[in-house]
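Engineer: Counting from 45, one number per residue, gives the positions in the sequence shown under the working numbering.
Please note: incorrect hints may appear among the correct ones.
To be verified - Mimicking DSS-like on lysine-lysine, the simulated pairs with C-alpha atoms at most 25 Å apart in a straight line are:
no., residue 1, residue 2
1, Lys200, Lys175
2, Lys128, Lys93
3, Lys128, Lys96
4, Lys240, Lys200
I should point out that these hints are in silico values taken from the structure, not numbers from a laboratory.
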Amino acid sequence: SLYAEACAAGEMTACYRVAWLNSEAMEDVCERGSAQACADYGYRLVEAKDEKAVEVLERACDRGNGSGCTTLAYLYATGLFVPKNDIRALDYYTRGCSYGASGGCYNVGVMYNFGRGTSVSTSRAATAYEKACAAGVAMACTDAGFLYERGLGTMKDPVRAADLYRRGCEGSPCSPSNLRGCVNLGNAYRDGIGVKPDP
């Protein structure tokens, strides 16, 4: 009732919370201006295979919602509902990252690492991976570790690499353990890469 009262007074965050408790209201709250409601509603439309998701996610992204931008980027990266376009995907991932979506940051790293929608830049990939890692994306920690271990786009730093592999393996409250991080950490202990050898 407190959320409903605040929503009636025009507080969009409260309206989003009302919709979160009653998913049928999500579309209406999106229409009324909540960026987060549009992002959630758009994601549900993607899951339901409804191409209306594109328009709804554009609205979320234009209102500054990082997860909305990141989901929209995924549509362009995969060609779901829209023609596949890596340049637009990179743009939306970058916007998502700038709005605080850790998944957006990770995917910016992937795009630069593999030259999708841009030329290959392992230094920009490393920066994006580290930002995503700091936000709790375990896979980003593992991928950043790989770049540090080999000195790709970064100074070669096996100690930092081992630490990043550890973080990838441990996971976070936001992201489960990344098994490749565990394998790479095991290899580091086997071969003494950045840590004392410890069979």
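Engineer: Could you run down the list of hints and mark each one as holding or not?
Structural biologist: Hints, verified against the model:
{"no.": "1", "hint": "Lys200 - Lys175", "in the structure": "18 Å, holds"}
{"no.": "2", "hint": "Lys128 - Lys93", "in the structure": "16 Å, holds"}
{"no.": "3", "hint": "Lys128 - Lys96", "in the structure": "17 Å, holds"}
{"no.": "4", "hint": "Lys240 - Lys200", "in the structure": "17 Å, holds"}
Hint compliance for this structure: no hint is broken.
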